[in-house]
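Peer 1: The primary structure of each chain is shown beneath.
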Amino acid sequence: DTEVTQTPKHLVMGMTNKKSLKCEQHMGHRAMYWYKQKAKKPPELMFVYSYEKLSINESVPSRFSPECPNSSLLNLHLHALQPEDSALYLCASSQDRGVSNQPQHFGDGTRLSIL
Amino acid sequence: RKEVEQDPGPFNVPEGATVAFNCTYSNSASQSFFWYRQDCRKEPKLLMSVYSSGNEDGRFTAQLNRASQYISLLIRDSKLSDSATYLCVVNSPNNDMRFGAGTRLTVKP
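Residue numbers (the working numbering), protein chains in the order written: chain A, 717 to 831; chain B, 1318 to 1426.
Quick caveat, the hints were computed from the structure, so don't treat them as lab data. Glycine is no exception: its CB is placed at the ideal position from the N, C-alpha and C atoms. Honestly, I wouldn't trust all of these hints.
Straight-line distance between alpha carbons at most 30 Å, and here's what the computed DSSO-like set of lysine-lysine pairs gives [stated by the list, open to error]: (1) B:1425 <-> B:1396; (2) B:1425 <-> B:1359; (3) B:1362 <-> A:725; (4) A:735 <-> A:754; (5) A:734 <-> B:1425; (6) B:1362 <-> A:754; (7) A:769 <-> B:1425; (8) A:769 <-> B:1319; (9) B:1319 <-> A:757; (10) B:1359 <-> A:754; (11) A:756 <-> A:725; (12) A:756 <-> B:1359; (13) A:756 <-> B:1396; (14) B:1359 <-> A:769; (15) A:757 <-> B:1362; (16) B:1362 <-> A:769; (17) A:769 <-> B:1396; (18) A:756 <-> B:1319; (19) A:734 <-> B:1359; (20) A:757 <-> B:1425; (21) A:738 <-> B:1425; (22) B:1396 <-> A:738.
Each pair of labels, with its calculated beta carbon distance range [said to hold, decoys possible]: (23) A:734 <-> B:1386: 21 to 29 Å; (24) B:1337 <-> A:732: 46 to 54 Å; (25) B:1370 <-> A:728: 45 to 53 Å; (26) A:754 <-> B:1423: 39 to 47 Å; (27) A:719 <-> B:1376: 35 to 43 Å; (28) A:793 <-> B:1329: 36 to 44 Å; (29) A:788 <-> B:1334: 42 to 50 Å; (30) A:793 <-> B:1384: 44 to 52 Å; (31) A:736 <-> B:1334: 39 to 47 Å; (32) A:733 <-> B:1368: 44 to 52 Å.
Required output: the full structure, derived from the provided sequences and hints.
Peer 2: Below, the structure is given as structure tokens:
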């Protein structure tokens, strides 16, 4: 069982909808990440939060909006998505972004389909 | 040049075979190295960290060669359940992970 929990597991939405993906971890990790993964490709980093502050935005379109309400939660707000945004969205956490040799632990992802 | 390069395979091997995956990385300042396993339509799961002295976990052995900027994973006595995609992961100097494209392994009866 994963220690990083993501909801929902599956999401189908239209291009005009607004929805949110949620991620939660209770391992006391201070770094949290959003990745996008297309079929047969490796995960692509989207956002990094360190100590609840946004550290990295990898040139992600503004239709994706991250939020970190507290050290255990990470949200990804979606609005006006395009069909090419259909993918598996993975959340991950690690102990501390400033410490090397810390692996990231992944949630089981939200499979998103845009109609 | 990609930061992390892997042979995508696929590797198709019979049960019981020994198989080795290789990975090279471009940033000599990288400090941490990992192998992750990803099953179809599942999330990546940490298989093992890779240490400078090499390390072993059961049937799995990981090696690091800093001089050549090269990482390897050896799987002995392959099982059907080893079928998956194996991702080589290298931490960038700011500790964000850089993924290889993954190597697909299929173990056949």
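Peer 1: Are the Cα atoms of residue 738 of chain A and residue 1425 of chain B separated by 30 Å or less?
Peer 2: This hinted pair is violated, its Cα atoms lying about 38 Å apart.
Peer 1: Do residue 733 of chain A and residue 1368 of chain B keep their Cβ atoms within the hinted range of 44 to 52 Å?
Peer 2: Since residue 733 of chain A and residue 1368 of chain B have Cβ atoms about 46 Å apart, the given range 44 to 52 Å holds.
Peer 1: Has the hinted range 44 to 52 Å been met by the Cβ atoms of residue 793 of chain A and residue 1384 of chain B?
Peer 2: holds, 46 Å
Peer 1: When you check the alpha-carbon spacing of residue 769 of chain A and residue 1425 of chain B, does it fall within 30 Å?
Peer 2: Not OK: residue 769 of chain A and residue 1425 of chain B at ~47 Å, beyond 30 Å, violated.
Peer 1: Starting from residue 756 of chain A, check that the Cα of residue 1319 of chain B is at most 30 Å away, please.
Peer 2: holds, 17 Å
Peer 1: Given the hint that residue 1425 of chain B pairs with residue 1396 of chain B, test it: the Cα-Cα distance must not exceed 30 Å.
Peer 2: The hint holds at about 8 Å.
Peer 1: CA of residue 734 of chain A to CA of residue 1359 of chain B, is that 30 Å or under?
Peer 2: Status holds; Cα separation ~25 Å.
Peer 1: Are residue 735 of chain A and residue 754 of chain A close enough, with their CA atoms no more than 30 Å apart?
Peer 2: holds, 20 Å
Peer 1: Tell me if the straight-line CA distance from residue 1362 of chain B to residue 725 of chain A falls inside 30 Å.
Peer 2: holds, 17 Å
Peer 1: Can the restraint linking residue 757 of chain A and residue 1425 of chain B be considered satisfied, given a maximum Cα separation of 30 Å?
Peer 2: Roughly 23 Å separates the two Cα atoms, so the pair holds.
Peer 1: Between residue 769 of chain A and residue 1319 of chain B, does the CA-CA distance stay at or below 30 Å?
Peer 2: holds, 29 Å
Peer 1: For the pair we were handed, residue 757 of chain A and residue 1362 of chain B, check the Cα-Cα distance against 30 Å.
Peer 2: holds, 15 Å
Checked against the numbered hints given earlier, the structure breaks hints 5, 7, 17, 21, 22, 23, 26 and 27 and satisfies all the rest.
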